[in-house]
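A.B. asks: This is what each chain is made of:
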Amino acid sequence: MKINDFTVRIGGQAGDGSLATGELLSRYLRRAGYYVATDKDFPSRIRGGHTSYAIRGSEKKIYSIHDKIDALLAFDDDSLKLHLNEIETGGALIYDSSRAKITIDRKDVRIIGLPFTIKAKNELGNEIIKNTMSLGILTKIFGLDIELMKETISDTYKKRGEKILKDNLRAYEIGLELSKDENRLENYSIQKLKRDENKLLMMGNEAIALGAMAAGCKFIAAYPITPASDVLEFMSKYLPKTGGVAIQAESEISAINMAIGAAYAGIRSMVATSGPGFDLKTEAIGLASMIEQPVVILDAMRAGPSTGMPTKTEQSDINHAVYGGHGDKPKVVIVPGNVEEAFYMTFEAFNIAEIFQGPVIILTDELISWNKQVVNKFDINSLKINRGKLLLYLESNEREFKRYEFSEDGISKRTIPGVKNGLHLETGDEHDEYGHITENPEIRNKMMEKRNKKMEYIKNMLFKSEIIGDGENVIVSIGSTMGPILEAMEMLKKDGIETKFVRIRTLLPFLEDPIEIIDNAKRVFVVENNITGQLENLLKIYVNRKDFIPIRKYDGRSFRPGFIYNKIKEVF
Amino acid sequence: MVEIKIDTKIYDKETPTWCPGCGDYGVLLALKRAAAILNLDPNKTVLVTGIGCSSKINSYFYSYGIHTIHGRAASVAQGIKLANPDLEVIVAGGDGDAFAIGTEHLVHIARRNPDITYIVMDNQIYGLTKGQVSPTSEEGFVSITTPYGSFEKPVNGPLLALASGATFIARGFAGDPIFLTDLIVEGIKHKGFALIDVFSPCVTWNKVNTYDWYKQHTYKLENHDPTDIKKAFEILQDEEKFGLGIIYKTEKPTLEEKLPRKTSFKPFDKLEVDKSIEELYEEFL
Numbered sequence: 001m002k003i004n005d006f007t008v009r010i011g012g013q014a015g016d017g018s019l020a021t022g023e024l025l026s027r028y029l030r031r032a033g034y035y036v037a038t039d040k041d042f043p044s045r046i047r048g049g050h051t052s053y054a055i056r057g058s059e060k061k062i063y064s065i066h067d068k069i070d071a072l073l074a075f076d077d078d079s080l081k082l083h084l085n086e087i088e089t090g091g092a093l094i095y096d097s098s099r100a101k102i103t104i105d106r107k108d109v110r111i112i113g114l115p116f117t118i119k120a121k122n123e124l125g126n127e128i129i130k131n132t133m134s135l136g137i138l139t140k141i142f143g144l145d146i147e148l149m150k151e152t153i154s155d156t157y158k159k160r161g162e163k164i165l166k167d168n169l170r171a172y173e174i175g176l177e178l179s180k181d182e183n184r185l186e187n188y189s190i191q192k193l194k195r196d197e198n199k200l201l202m203m204g205n206e207a208i209a210l211g212a213m214a215a216g217c218k219f220i221a222a223y224p225i226t227p228a229s230d231v232l233e234f235m236s237k238y239l240p241k242t243g244g245v246a247i248q249a250e251s252e253i254s255a256i257n258m259a260i261g262a263a264y265a266g267i268r269s270m271v272a273t274s275g276p277g278f279d280l281k282t283e284a285i286g287l288a289s290m291i292e293q294p295v296v297i298l299d300a301m302r303a304g305p306s307t308g309m310p311t312k313t314e315q316s317d318i319n320h321a322v323y324g325g326h327g328d329k330p331k332v333v334i335v336p337g338n339v340e341e342a343f344y345m346t347f348e349a350f351n352i353a354e355i356f357q358g359p360v361i362i363l364t365d366e367l368i369s370w371n372k373q374v375v376n377k378f379d380i381n382s383l384k385i386n387r388g389k390l391l392l393y394l395e396s397n398e399r400e401f402k403r404y405e406f407s408e409d410g411i412s413k414r415t416i417p418g419v420k421n422g423l424h425l426e427t428g429d430e431h432d433e434y435g436h437i438t439e440n441p442e443i444r445n446k447m448m449e450k451r452n453k454k455m456e457y458i459k460n461m462l463f464k465s466e467i468i469g470d471g472e473n474v475i476v477s478i479g480s481t482m483g484p485i486l487e488a489m490e491m492l493k494k495d496g497i498e499t500k501f502v503r504i505r506t507l508l509p510f511l512e513d514p515i516e517i518i519d520n521a522k523r524v525f526v527v528e529n530n531i532t533g534q535l536e537n538l539l540k541i542y543v544n545r546k547d548f549i550p551i552r553k554y555d556g557r558s559f560r561p562g563f564i565y566n567k568i569k570e571v572f
Numbered sequence: 001m002v003e004i005k006i007d008t009k010i011y012d013k014e015t016p017t018w019c020p021g022c023g024d025y026g027v028l029l030a031l032k033r034a035a036a037i038l039n040l041d042p043n044k045t046v047l048v049t050g051i052g053c054s055s056k057i058n059s060y061f062y063s064y065g066i067h068t069i070h071g072r073a074a075s076v077a078q079g080i081k082l083a084n085p086d087l088e089v090i091v092a093g094g095d096g097d098a099f100a101i102g103t104e105h106l107v108h109i110a111r112r113n114p115d116i117t118y119i120v121m122d123n124q125i126y127g128l129t130k131g132q133v134s135p136t137s138e139e140g141f142v143s144i145t146t147p148y149g150s151f152e153k154p155v156n157g158p159l160l161a162l163a164s165g166a167t168f169i170a171r172g173f174a175g176d177p178i179f180l181t182d183l184i185v186e187g188i189k190h191k192g193f194a195l196i197d198v199f200s201p202c203v204t205w206n207k208v209n210t211y212d213w214y215k216q217h218t219y220k221l222e223n224h225d226p227t228d229i230k231k232a233f234e235i236l237q238d239e240e241k242f243g244l245g246i247i248y249k250t251e252k253p254t255l256e257e258k259l260p261r262k263t264s265f266k267p268f269d270k271l272e273v274d275k276s277i278e279e280l281y282e283e284f285l
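Protein sequences appear in the order of chains D and W. In this text, residue positions in the first sequence follow this note's numbering: the first is 1, and each later residue adds one. In this text, residue positions in the second sequence follow this note's numbering: the first is 1, and each later residue adds one.
Don't read these hints as lab results, they were simulated from the structure. Check each hint, because a few of them may be wrong.
Restraint ranges, calculated between C-beta atoms of paired labels, are given here [stated by the list, open to error]:
1) W/Ile144 / D/Thr282: 22 to 30 Å
2) D/Lys569 / W/Ser276: 48 to 56 Å
3) W/Asp12 / D/Ser306: 44 to 52 Å
4) D/Ile517 / W/Lys266: 42 to 50 Å
5) D/Asp78 / W/Thr250: 50 to 58 Å
6) D/Pro115 / W/Ser276: 43 to 51 Å
Here the structure is a predicted model, which is why all the values come from computation and not from measurement. Every residue, glycine too, gets a C-beta built ideally from N, C-alpha and C.
Excised from the complex, chain W in its bound form:
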């Protein structure tokens, strides 16, 4: 357990416009604390987000940031990481971004294993568009677009990521930013793709999945060996009680390491007309 008193001031940016009590404050705090613990250089860190309340987090965190389009943050992040592997690339966004419109990218970023950390702020509802059902809403959940209750099974994002080959999966709770800090620290330190799924209550639109609800439905993993993939599957398959902590962790070569190139061209290298194309002319004779 890390100390509570950590100076996070250098990572302060704009004042958040989230509703008072929003779980995302807890995630922002944990992210700043993790950044401070790891001494992340804001000039070499990029926080990539999609669209939604949670995706505004890079307006509030002092680093390079790119606020993209709905569901595509993971793709933009991979482009950044491939272009400049020296950057610390962190993706953040909501359950809509990660598990609905952007699901395809979650599967593929997991199997590619770039050294990117993806923090999902899951509130089980669409907040910014004012209270529609989300991909992680429970069956029966009543919302403005499911007035008779949701008739769909929720997406199990971390389980999907594990099945897709993610090398690090953790689950946290915005109501416990100290615990969450450790997960983010470990996720960023992890060499490879790290998914950190965070329950982050929406106090305005979701009156079911409240702080209390999460307290009742979660537990901290104890004596769990995160290298045990069978156990990780078991934990994630439990959709009644949600285990919090590092659920799975393994070491695999990263996407950047596996690229078939001997040298890598860096954005700071001098860009010149590439005359080496002349060596390819023999293909055209």
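With the rest of the complex left out, here is chain D:
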């Protein structure tokens, strides 16, 4: 019996609207008191090609879907080919019987064929509405709450006009009528839980946009790129209302340079991009390091190299984020592991950037960018703005301001144009304390050391690794893999294998806290979404041990708990 935990995968051709159905179901689940994790899998095109959207609801806090699904809602044949075997015994396959006859070889699942397309066309004259219709059968087999589903549909479509709202509600009714003979699945007990209005459903990109706005970011420049575009889209809508500027730049390069300009002028600013765009920004990130300007860079990693697979996930920009660009330069690289954390880390990224005066790179991956999770309403009262050594008023008799004055911590006082007595030059050339260009070897050394010192100084404000669980076997990872790892740990526990999870959250500067744990472990598994072991190679610089056990995936899809579980089990 599965209690209050189930996964539905909705598959169809791109443009079929599978994502819309998934949205409604996830919104319903939040209202029903569930935690939600989703996983989008769709091609990089607008029409055609198989799309699927998996939505999991659970009474437990979850960050990931499972290997198995409990119901497959198949709007096309590809859904069957690709996902039929994922259905859990006792689960259900629902297919659109108006499309094609199919023979299905699964005696252990309930097979339900319903004429969604025909019904949608005949009754509502709109094929796409079959998606809302299909919620009817899901309601029946999982015993979902009809009134709550109607409320969800109403709230979702009320802004789209009366006809759309009415048609969708009607579609749901028809869906219920179509499924009137279907009973609940025997193996499932899905109850309506206590609704909690302190919880929100959002994807990582939205959490990042909100985190930035909470931090007083008033400037974003970006170029559309999958999977980061949502951040610019969201902020284009809301930032102007707070007096800010969101601008779609003519290129990735222009975007980062605009953001640096805005930071220089004293406004908190950011860019949002993915691998190809991140590559292009490399030179300008070096400028931000050199002139010591705070700018926040989101790199939502996707499968590379080159265009790679734009709509698929990977964690293969670790090397670039940490080592990218010429010259030795201070920068910070942080990695959130889930949607809620993405909000808080983004908020802090702006403080960190201003405190140490340099670029902060937030590395996410597609799974966090697009994965919808249920988060607690943010604890805004706990947040504090820290602008570091920014001075907006100066008393001085000097004709020029020592913008790069040597100091104990390597961080100099910073001021902005418009401030009297603050006049100075900032240059990407090597410079002295006033910002005058120089090639003097002594000044060069002192300046390099000054900038480098900042990296030590900020370490204590950065995010230490989160340690979860206990045991002599250690699992190390960054980012979104935390979801499936936590589930795999539970599966291992049932087999009597205790594991300790080290979730690294800052990659640069590398913090010392996980080194001892890693060196003292019996075994260390490194879970990462890339082929060469970018995280493992980074660890090897800092730890003594060399015998890591890699668990890698690079097919563009996120890890599943069972995959990690099996890989770890192989060793025992």
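Let chain D serve as the given structure and place chain W on it in line with the hints.
C.D. replies: For chain W alone, kept in the frame of chain D given last:
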């Protein structure tokens, strides 16, 4: 015509390291004179540059300055202007910055029309890297990277800017800093994007496009109506004889004015945690 005796001392900074005779001295002088005429407050002025000999100009001009990376000064400048529209933002740099590596930004800054003045010091050669062909070098031009002569048509920067929607285009000559002063004054006064393309001879590497060459190949526009866009196109299309003066001028709303915001957050406003994000929670229910 303005007076020659203008006290530019307050805009003096470091002593330039340009070669003796470099056209950029003339541009620096004209910029200082223009600043003095307009009484620009150095504390509220930002001179943004790219990379190259000419881009070092903000080491020699007393104002806030930011010396960025090659080709991107226009983008940095737009970020500054959008963040703080109260600043006087001036971009300066060479033909490589504006018409080669940074061409994309020229097109887009022109169409956006921010209130920014962009002074291009065009010497038709790459000076700081020692004498390579430039985007504005003439066809047949022999340089260290075109030993058999350039086989490419030069970029016509001002024409490109005009076609891209620039609202002010002028062309000057470093050999006539008094005349150039007026162009810069008018460019800075202009509300919107102003491109000032300046022939600024490189005396070290370019032995073709010398002061004399420019004198022979340029003329001052007379009785030209700068609001006449057809005439402006005609003047700029002439690639034998180059007209100097204000070639085009029109009034259009600026980027800053067109931004879809009612109030603008200023860098000097107190930055607080923005709790208004809570008003957006209903999107996530």
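A.B. asks: All the hints need checking, so say for each whether the structure fits it.
C.D. replies: Against the structure, the hints:
1. Checking the proposed 22 to 30 Å range against W/Ile144 and D/Thr282 shows it holds: the Cβ atoms sit about 28 Å from each other.
2. At roughly 50 Å, the beta-carbon separation of D/Lys569 and W/Ser276 lies within the given 48 to 56 Å, and the hint holds.
3. The hinted range of 44 to 52 Å is satisfied by W/Asp12 and D/Ser306, whose Cβ atoms lie roughly 50 Å apart.
4. Range check, D/Ile517 to W/Lys266: Cβ separation about 47 Å, and the 42 to 50 Å hint holds.
5. Between D/Asp78 and W/Thr250 the Cβ separation comes to about 56 Å, which falls inside the hinted range of 50 to 58 Å.
6. For the pair D/Pro115 and W/Ser276, the supplied restraint of 43 to 51 Å holds, since their beta-carbon distance comes to about 48 Å.
In this structure, every one of the numbered hints holds.
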